[in-house]
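Asker: Each chain is listed here by its residues.
There are 2 protein chains.
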Amino acid sequence: MSDVDEAKLGLRERKKQRTRAAISDAAIGLFLEHGFSQVSVAQVAEAAEVSKRTLFAYFPSKEDLVVHRLADHETELARVVRARGNDASPLAAVRAHFLAGLSERDPITGLNDHPQVLRLTRMILDAPSLVARMEGFKSGAERALAAALHETADLPELTARLGAVQIVAVQWALSQDNAHRMAAGETADGRYPGAVADAQHGFALLAHGLGE
Amino acid sequence: MSDVDEAKLGLRERKKQRTRAAISDAAIGLFLEHGFSQVSVAQVAEAAEVSKRTLFAYFPSKEDLVVHRLADHETELARVVRARGNDASPLAAVRAHFLAGLSERDPITGLNDHPQVLRLTRMILDAPSLVARMEGFKSGAERALAAALHETADLPELTARLGAVQIVAVQWALSQDNAHRMAAGETADGRYPGAVADAQHGFALLAHGLGE
DNA sequence: GGCAAAAGTATACCTGGTGCAGAAATGCCC
DNA sequence: GGGCATTTCTGCACCAGGTATACTTTTGCC
Chain A
24 MSDVDEAKLG LRERKKQRTR AAISDAAIGL FLEHGFSQVS VAQVAEAAEV
74 SKRTLFAYFP SKEDLVVHRL ADHETELARV VRARGNDASP LAAVRAHFLA
124 GLSERDPITG LNDHPQVLRL TRMILDAPSL VARMEGFKSG AERALAAALH
174 ETADLPELTA RLGAVQIVAV QWALSQDNAH RMAAGETADG RYPGAVADAQ
224 HGFALLAHGL GE
Chain B
24 MSDVDEAKLG LRERKKQRTR AAISDAAIGL FLEHGFSQVS VAQVAEAAEV
74 SKRTLFAYFP SKEDLVVHRL ADHETELARV VRARGNDASP LAAVRAHFLA
124 GLSERDPITG LNDHPQVLRL TRMILDAPSL VARMEGFKSG AERALAAALH
174 ETADLPELTA RLGAVQIVAV QWALSQDNAH RMAAGETADG RYPGAVADAQ
224 HGFALLAHGL GE
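Sequences listed follow chains A and B, in order.
With our numbering applied, the first sequence covers 24 to 235.
With our numbering applied, the second sequence covers 24 to 235.
It is worth saying that the hints were derived from the structure and are not from the lab.
There is no bait here: all hints are sound.
Repeated chains share a single entry, so a pair holds when one copy, or any two copies, can fit it.
Here are the simulated BS3-like cross-link-like pairs (lysine-lysine), alpha carbons at most 27 Å apart as the crow flies:
#1 LYS85 to LYS39
#2 LYS75 to LYS39
#3 LYS161 to LYS85
#4 LYS85 to LYS75
Owing to the predicted nature of the structure, the values given are computational and were not obtained by experimental measurement.
The task is simple: from the sequences and hints, build the whole structure.
Answerer: In structure tokens, the structure reads:
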């Protein structure tokens with residue numbers, strides 16, 4: 024039918040990837056247009072020209088149709104910590120990574136005002152089950168970061184875990200604040216200086232404590 | 024039928040409360056015995072001698088049958104902060120409250136090895152949807168604590184929020200660690216000194232930072 | 001006692017998700 | 001190209017959580 028683009032994997036594998044993409048695209052499109060809870064998986068399956076049973080062979084739940092694209096952010100912080108230079112502190116590495124994300128307008132920092140990103144954010148926030156999945160990612164990020172701190176910074180397990188949950192909590196809160204401001208109409212470029220200042224403030228709190 | 028125990032509220036209200044308790048008790052009993060996911064709401068309704076529709080009039084979801092008892096912990100930290108003496112710092116108030124919880128073996132600190140508590144903990148941890156609800160409580164606690172800090176400690180909103188998420192994250196991690204040790208067989212009394220030391224460590228990290 | 005409002009019930013239905021048996025497509029060897 | 005095992009897909013029946021509707025029972029109160 025079509026040209027052989029990526030001939031490395033057999034026809035079977037290519038078709039599977041195309042089917043997967045078709046299902047995901049149909050789902051995102053319908054969800055963005057009508058809202059996550061307003062669209063049934065049966066409608067998604069029909070739009071993707073696939074049976075409901077096949078849809079669930081590719082994605083274990085309705086929520087996964089949305090969040091599978093964000094799944095690798097779960098281990099992002101842990102990878103940053105593991106990949107840091109030997110002289111750098113974990114906290115400095117995470118801070119540098121977050122500041123880089125801000126300057127690149129990485130959607131995960133919340134500092135992105137593209138209409139598609141805004142619509143996706145609003146769609147997720149409107150669906151409690153999707154918010155719950157995001158919280159689940161947060162937990163996964165905590166676990167992964169704790170392991171990375173424990174293994175590469177020679178910290179006791181509890182200290183690593185306590186540090187990890189604080190770091191993840193602060194970064195998440197900073198991102199949420201940015202996203203909230205974008206949703207309220209601020210522009211990414213206009214918000215950028217404030218976002219940087221707030222990030223510096225947040226990481227300073229992490230480094231030097233809340234006081235007393 | 025039975026004696027009039029609490030005659031303050033009308034018969035209607037008393038009956039409602041009894042029905043509510045009957046449903047909740049039947050649910051907890053069945054869930055503890057067979058596991059949360061193994062018991063259907065229809066079975067709970069039957070055991071409570073109530074129709075399924077009535078059950079859902081009292082509890083909006085299956086998960087609420089379990090977590091409604093824990094709901095007021097959501098605002099516990101915020102209340103502690105608001106009720107502190109005018110000279111005390113919020114962090115000191117929270118630390119004192121947590122240490123008091125440890126010495127009282129408050130189940131929410133994780134430091135309680137009563138079989139019923141252990142079984143309940145295991146039951147919740149075995150059910151992903153219940154774990155997700157607990158995470159939701161965490162978010163609620165963060166919001167409430169952030170508001171309390173903002174209003175009573177004269178902190179900017181972002182600072183209050185960043186402090187709140189750190190405090191909640193640390194306290195939650197400490198509690199989870201204790202609960203995990205209880206589940207692994209440690210006794211509450213044996214664990215108590217270590218739990219206190221770990222709590223001191225966690226709150227010291229909050230007060231003085233992770234360093235660098 | 002009688003009546004309006006509240007609470008409870010039975011039933012049918014919708015949606016997410018799974019089990020099962022069979023049809024269709026694919027890879028591969030001839 | 002023709003067969004054949006394996007994988008994939010499909011239709012269908014089914015389960016559980018939850019809701020809408022329309023109806024009956026119970027309660028509060030005059």
